[in-house]
Amino acid sequence: MYDKEWLILNFTLPKEQSSVRVSVWRKLKKCGSVSIGQSMWALPVSEEHLETFNEISKEIIENGGSAYIANADFLNAGSDEDIVNLFNKVRDEEYQEFLDKCDDYFREIEKETERKNFTFVELEENEDEYSKLVEWLKKITLRDFFVAPLKEQAEEVLQRCKQLLDEFSDKVYKANEEE
1 MYDKEWLILN FTLPKEQSSV RVSVWRKLKK CGSVSIGQSM WALPVSEEHL ETFNEISKEI
61 IENGGSAYIA NADFLNAGSD EDIVNLFNKV RDEEYQEFLD KCDDYFREIE KETERKNFTF
121 VELEENEDEY SKLVEWLKKI TLRDFFVAPL KEQAEEVLQR CKQLLDEFSD KVYKANEEE
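Anchor point for the sequence shown: position 74 equals 74 in the UniProt record's numbering, and the numbering is continuous, going up by one each time.
Since the hints were derived computationally from the structure, they do not count as laboratory data. Check before you lean on any hint, since a few could be wrong.
To be verified - Here are the simulated BS3-like cross-link-like pairs (lysine-lysine), alpha carbons at most 30 Å apart as the crow flies: (1) LYS171 x LYS111; (2) LYS89 x LYS30; (3) LYS4 x LYS89; (4) LYS162 x LYS139; (5) LYS138 x LYS101.
Said to hold, decoys possible - Cβ pair distances, simulated, as ranges: (6) ASP104 x SER66: 37 to 45 Å; (7) ASN176 x GLU155: 30 to 38 Å; (8) LYS89 x GLU125: 30 to 38 Å; (9) GLN153 x SER35: 23 to 31 Å; (10) SER131 x ALA175: 16 to 24 Å; (11) LYS89 x GLU155: 17 to 25 Å; (12) GLU156 x ARG115: 22 to 30 Å.
All C-beta atoms, glycine included, are put in the ideal place defined by N, C-alpha and C.
Could you put the whole structure together from the sequences, leaning on the hints where they help?
Printed below as a string of structure tokens:
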């Protein structure tokens with residue numbers, strides 16, 4: 001059972017403001033908020049989240065819209081749990097996308113290993129891709145306020161990516177020792 005306080009952002013924008021709508025939507029997604037109704041977004045209460053909602057509200061108002069931020073305590077039974085489950089569902093969708101990208105990474109290294117493409121350029125490419133995976137997981141984790149079920153699996157798979165990269169790096173070094 002959860003007993004949470006929530007920040008709620010409710011807003012409207014003129015219909016012709018599609019670029020602003022997209023900008024606002026991206027910022028709402030990036031900060032980890034979830035939609036709980038038509039133009040109504042929630043975040044757990046924190047100073048950082050309030051500051052984020054204030055910045056987004058400012059953009060909305062500057063573009064002819066209206067924005068309201070409320071501190072909410074849901075009174076009906078199960079609401080907090082439902083919202084936490086919604087946060088976890090959204091994060092798990094992100095973790096699943098991350099896991100799919102890790103599968104692509106595994107296949108790429110496997111393909112290059114089978115081809116014996118043990119070049120510095122290939123190693124550098126794989127290192128860059130691994131760095132992107134690390135940064136992506138950090139972003140998801142920062143938005144994972146309630147420890148979604150797939151978080152642990154994502155962290156374990158990233159470790160396997162690192163292990164595979166290290167093994168590939170060793171093969172590149174051995175294949176190029178005489179240079």
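field: Distance restraint between LYS138 and LYS101, which requires alpha-carbon spacing of 30 Å or less
entry: holds, 15 Å
Do the Cβ positions of SER131 and ALA175 conform to the proposed distance bound of 16 to 24 Å? holds, 23 Å
C-beta pair ASN176, GLU155: status relative to the range 30 to 38 Å that was hinted
holds, 32 Å
That 30 to 38 Å hint for LYS89 and GLU125 (C-beta), does it hold up?
-> Since the Cβ atoms of LYS89 and GLU125 sit about 34 Å apart, the hinted range of 30 to 38 Å holds.
Exercise. Does the structure keep LYS162 and LYS139 at a Cα separation of 30 Å or less?
Worked result: holds, 18 Å
Using the Cβ atoms, figure out if GLN153 sits within 23 to 31 Å of SER35. Because 25 Å falls inside the window, the suggested range holds.
Tell me if the beta carbons of GLU156 and ARG115 are separated by a distance inside 22 to 30 Å.
holds, 28 Å
*Please work out if LYS89 and LYS30 have their alpha carbons no farther apart than 30 Å.*
Judged against 30 Å, a Cα distance of about 15 Å means the pair holds.
**Item:** Pair hint outcome, LYS4 versus LYS89 [Cα-Cα no greater than 30 Å]
**Value:** OK: LYS4 and LYS89 at ~18 Å, within 30 Å.
Could you grab the alpha-carbon distance between LYS171 and LYS111 and see if it respects the 30 Å cut-off?
-> holds, 14 Å
Verdict for ASP104, SER66 (Cβ pair) under range 37 to 45 Å
With Cβ atoms ~43 Å apart, the hint holds.
**Request:** State, for the Cβ atoms of LYS89 and GLU155, whether the hinted interval 17 to 25 Å holds or is violated.
**Result:** holds, 19 Å
Hint check: no violations occur; every hint is consistent with the structure.
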